[in-house]
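Enquirer: If you want the building blocks of each chain, they are given just below.
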Amino acid sequence: MLRIVTAVVARDLRLAMRRQADIVSALFFFIIVVSLFPLGIGPEPDLLRKLAPGVLWVAALLATMLSLPRLFADDHRDGTLEQLALAPHPLGLVVTGKVIAHWLVSGLPLAVLAPVLGLQFDLSTEALVVLTASILIGTPALSGIGGIGAALTLGLRGGGVLLSLLVLPLYIPVLIFGAGAVDATVSGLGGEAHLSLLAALTLAALGFAPWAAAAALRIALE
Amino acid sequence: MLEADNLECVRGERRLFAGVGFRLEGGELLYLQGRNGAGKTSLLRMLIGLLPPEAGEIRWRGVPIRQAGDDFRAELCYLGHLNAIKEELTPLENLLAAARLADEELSEDEVLDALEQVGLAGREDLACKYLSQGQKRRVALARLVKERRPLWVLDEPFVALDVAAVDWLAGLISAHLQRGGLAVMTTHQAVAIPAGTVRELRLS
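Protein chains in written order, with the numbering used here: chain A, 1 to 222; chain B, 1 to 204.
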């Protein structure tokens, strides 16, 4: 069971390494969007500190969205998705592997960049740590939920826009608890409660989303 | 081993075929024939379980394939009209990845041997995007060289191949039938398969 997941993760990571432009462009998008705010608002530390969690989290959501349309589309186009669906394993496990690989190349780098970008907003060390933790814990949920949207819009013309409309509302809970954790830390309340809820969301998304996405893929393959 | 009963296929609003059935035992090959749009590919996709039939049932070793699920897929090898190879990966990586995903034990030497048989020796470390159409097809077909699963379902396997490669593939299918395997395939070219019993099914 674990073997199929690792096989899919290894394959997708190798593919991602051969197509680094995709990863790099999503990261630069994240960096630029986040950096535009301090430049636009000007040197007002109090305001920036207030805006920071929301800005970083919204930018993280959008950066994750960028690579979602290709999650299954490439495999669908060259026929590998059929072969994955015909592997002697539940399709949900294959999708789990793809979601994990997506997180490793799109979510994990965001968590690495977040504390550096957070400095532009004059966040305290404690807030930066919580921000990194919240992005690290929350982004797997984004990849999981996004997987459902990517599977549902597979093969549709203009699927990219539809995918955003479908998935972004579902990202709201992750956004609220992710940004909330940093807010709570800044205001001295402590972000543990938010982080626990975020972890619960991620676990639920990783447990259920791949199976929902697998069901959608079976329909797309008919 | 493979039985189909009274299959019906509806795509969009149109009924492509109805009442299609056959029985296939080990060592037998089924040639699906019919004009373009007759539903050959749809029938193949029903046989591998990707497309649920509108009516009728498909059984593998007496068990409906929907129920057999993973057990059925573990004995099935499907080659579609898409090559299912990744442009960014080399032929070697493609075949190794495909084998791992299908849960097959395949060593690097075996893959290199398969690639040599399809005439891609020396190209195994070149990304597939630099290969020609025919060469990409050969990478896809190289999967069949070491394939020991009993049921092969092949959609237009001879397309984009030169004369020598067509003979080679016909030999490969014959060897598969001689081992007691089954094969179902569609083709527009009349290719003689030297061994095994050949049955024909015409969709109209």
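The set of hints was computed from the structure by calculation and includes no laboratory data. Being a predicted model, the structure only gives us computed values, none of them experimental. Careful, some of the hints might be misleading.
Partner residues aside, some chain A positions facing chain B, computed with beta carbon under 10 Å [as the list claims (entries may be wrong)]:
# : residue
1 : Asp46
2 : Lys50
3 : Arg70
4 : Leu81
5 : Asp122
6 : Glu126
7 : Ala184
Derived pair list, reagent style SDA-like, types lysine to any residue, alpha-carbon separation capped at 25 Å [unchecked claim]:
#  : chain 1 : residue 1 : chain 2 : residue 2
8  : B       : Lys136    : A       : Ala16
9  : B       : Lys136    : A       : Ile32
10 : B       : Lys136    : A       : Asp183
11 : B       : Lys146    : A       : Ala10
12 : B       : Lys146    : A       : Lys50
13 : B       : Lys146    : A       : Gln20
14 : B       : Lys146    : A       : Ala73
15 : B       : Lys136    : A       : Lys50
16 : B       : Lys129    : A       : Pro88
17 : B       : Lys129    : A       : Ser25
18 : B       : Lys146    : B       : Glu108
19 : B       : Lys129    : A       : Asp183
20 : B       : Lys129    : A       : Leu206
21 : B       : Lys136    : A       : Ile172
22 : B       : Lys146    : A       : Ala26
23 : B       : Lys136    : A       : Val24
24 : A       : Lys50     : A       : Asp183
25 : B       : Lys129    : B       : Asp155
26 : B       : Lys136    : A       : Leu166
27 : B       : Lys136    : A       : Ser25
28 : B       : Lys129    : A       : Lys50
29 : B       : Lys129    : A       : Leu13
30 : B       : Lys129    : A       : Ala73
31 : B       : Lys129    : A       : Arg3
32 : B       : Lys129    : A       : Ala85
33 : B       : Lys146    : A       : Ser25
Simulated restraints, written as ranges between beta carbons of each label pair [to be verified]:
#  : chain 1 : residue 1 : chain 2 : residue 2 : range
34 : A       : Arg70     : B       : Arg35     : 49 to 59 Å
35 : B       : Asp109    : A       : Ser35     : 19 to 29 Å
36 : B       : Thr41     : A       : Glu192    : 53 to 63 Å
37 : A       : Arg3      : B       : Gly21     : 57 to 67 Å
38 : A       : Phe28     : B       : Thr41     : 24 to 34 Å
39 : A       : Gly190    : B       : Glu54     : 21 to 31 Å
40 : B       : Leu126    : A       : Arg70     : 15 to 25 Å
Glycine is no exception: its CB is placed at the ideal position from the N, C-alpha and C atoms.
Enquirer: Which earlier hints turn out false for this structure, listed by number in ascending order?
Expert: Structure breaks hints 1, 2, 3, 5, 6, 7, 9, 10, 12, 13, 14, 15, 16, 19, 20, 21, 22, 23, 26, 27, 28, 31, 33, 34, 35, 37, 38 and 39.
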